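**Q** Chains L and H, in that order, are what the protein sequence lines are. Letter by letter, the first sequence follows residues 1 to 339 in the numbering used here. Letter by letter, the second sequence follows residues 1 to 255 in the numbering used here.
Everything labelled a hint here was simulated from the structure, so no lab data went into it. Being a predicted model, the structure only gives us computed values, none of them experimental. All residues carry an ideal CB built from backbone N, CA and C; glycine is no exception. Hints are supplied without guarantee of correctness; some may be wrong.
Here are some of the chain L residues that sit facing chain H, going by a computed Cβ distance under 8 Å [to be verified]:
| # | residue |
| --- | --- |
| 1 | 77 |
| 2 | 79 |
| 3 | 80 |
| 4 | 99 |
| 5 | 109 |
| 6 | 111 |
| 7 | 116 |
| 8 | 130 |
| 9 | 131 |
| 10 | 132 |
| 11 | 174 |
Interface residues of chain H toward chain L, partial, derived using beta-carbon atoms under 7 Å [to be verified]:
| # | residue |
| --- | --- |
| 12 | 16 |
| 13 | 86 |
| 14 | 89 |
| 15 | 95 |
| 16 | 132 |
| 17 | 254 |
Pairwise CB distance ranges, derived in the manner of DEER restraints [unchecked claim]:
| # | chain 1 | residue 1 | chain 2 | residue 2 | range |
| --- | --- | --- | --- | --- | --- |
| 18 | L | 161 | H | 130 | 45 to 55 Å |
| 19 | H | 173 | L | 163 | 30 to 40 Å |
| 20 | L | 288 | H | 83 | 52 to 62 Å |
| 21 | H | 11 | L | 193 | 28 to 38 Å |
| 22 | H | 17 | L | 148 | 27 to 37 Å |
| 23 | H | 84 | L | 193 | 19 to 29 Å |
| 24 | H | 169 | L | 148 | 37 to 47 Å |
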Amino acid sequence: MPIGVRIRDLRKVYVSSPPSAAQASGSSLIGTPGPRGTSKAEVVALGGISLDIEAGEIFGLLGPNGAGKSTTVGILTTRVRPTAGRAWIGDHDVWEDQVAVRRLIGVVPQRPNLDFALTAREILTFHGAYFGLSSAAREARATALLEEFRIADRADQMVRGFSGGMMQRLSIARALMHDPTVLFLDEPSAGLDPQTRLLLWDIVRDYNRQGKTIVITTHNMEEADALCHRVAILDHGRVIALGTPAALKASIPGGYLLRLRFAKHTPDLLARLQALPGVREVRPQDTTGAHIYADRGGSLIPEVASLAVAGGAELLDVHISEPSLENLFLHHTGRSLRD
Amino acid sequence: MNWRTFAALLARDAHVVRRNAVQLFLQTFLQPLMFVFIFGRVMVRSGYMPPAYKALLLPGIMAISMIFTGIWAVAMPLIAEFQWTREIEDRLLAPIGNAWLAVEKVLAGTIQALVAGLVVIPLAWLLLRPVDISIHAPLPFATMTLLVAALSACGGLALGCSVDQQHIGLMFSMVLTPMIFFGCTYYPWSALNAFPVLQKIVLVNPLVYASEGLRGTLAPQFPHLPVTAAAAVLLGVDLLVLAAGLHRFRNKAVS
């Protein structure tokens, strides 16, 4: 049975530097006087977030580096101690009931942490053994996963010499060994080639179809858009937007961007374009181009074309950008996701 | 407590030890055996050392091998895995309390140290024979060996969770080397009678009780600290170092 994740008022303040996966470059630094008057830098990684991740959904945590994504995953996977607030995997409190939580979750870390003392197959079989799988069950499952993740030909080699993509695939296979009910993937496609990324997305979707809950962190809006049923956008340790990718994108006024090129445009034509229903803003670009920010995309084109014909300005080129999470992040924070 | 997971963690460490058996064997035994050869055989046969020195030396060599093996087996992987490779994270996500992983490391280290200690006896005997040692009291000997092995593994846990990767060299030169030289390994504690202040100071070194205790059970013909007292101190130190190591491990395991 699929289970969900609840997060209530979760706060995390690092007194020393946060772990590398959660380097909070954008987080607030607060100098607090220590007991002897020395100042110790505190880093607020999470400023009190609350979320409900539904059972059986693919949920995305989207945000720039230092937004608090990895810290959230760290707390949910029992690897980071929350400063305040609580979180549950199903009915199990992640801090009070760690062993029960670990049985339910699988974790793909941001940085591969494979056991270099073992071969690829042994990494899977020992992981299965930690979770109490019988010898026959873990051998069978390891063989199946090695096949599925295209590592079978190097199954009995030590993993030290594996490429980044292979290590990542093996990390995912390992996380799936004990058939977790909730799967966490922290920046899973960072450093993957496009082909492996598509393979990863297929695997995530397949696993989700088996009724598993999936929590994925990313700063890649394309990935969030393609994969996630719902997305929470994090910035500076706070949730700044939450919803389905479509709903979030629809919430931006004038989410569509139409880039037009005419033989030559006139002030009169630009004024008429501005008057079309759904158009929010028209920005001329030199003497031939114009950017139109609008609530709709393709349906505007016939009207734009007739206006151009009527105004004697030939329409040469049209490019429509759909609303994107990138635009949304820009809208909420004034900064690009890549900043 | 989840015994299946604990057993699987132990099986993983055993598997890795088996895979690196030759390397571990050389690392553990080469130095003590060369020491035994030079001091126990060359120096004795050439007349610079009395033949009795062989029996005095052997318990100390056994203590050194055990301490070195246990610390190396537990501390080195912990230092690397916590600070660099993060390999330990997979095991920290196993369905078992974090402290049990530390206990497993200590158990694995203790077993390795026991093997090291017990292999030194026949190897050294082969090199040194005839040598006047005997296990005349098996129970005190077993107790003492176990306490020394546990000391090395607990010490490995505490050091492994305290030492930075760039300070490994310092750990050997500042902690282990003084421990060995001031640990009554190559001489009995009574040899320090002529250095009364030093004789008191070295008592903070747990290796003194390890060497003297083993000497008391293997070669009681030499002066040595009372075996019961040595065992009692070692038990106390083992528990203290284990508690400190577990505390450090718990803090390291979560951020």
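**Q** Please name the hints from earlier in the document that this structure breaks, with their numbers sorted from lowest to highest.
**A** Going through the list in order, the structure violates hint 16 alone and respects the others.
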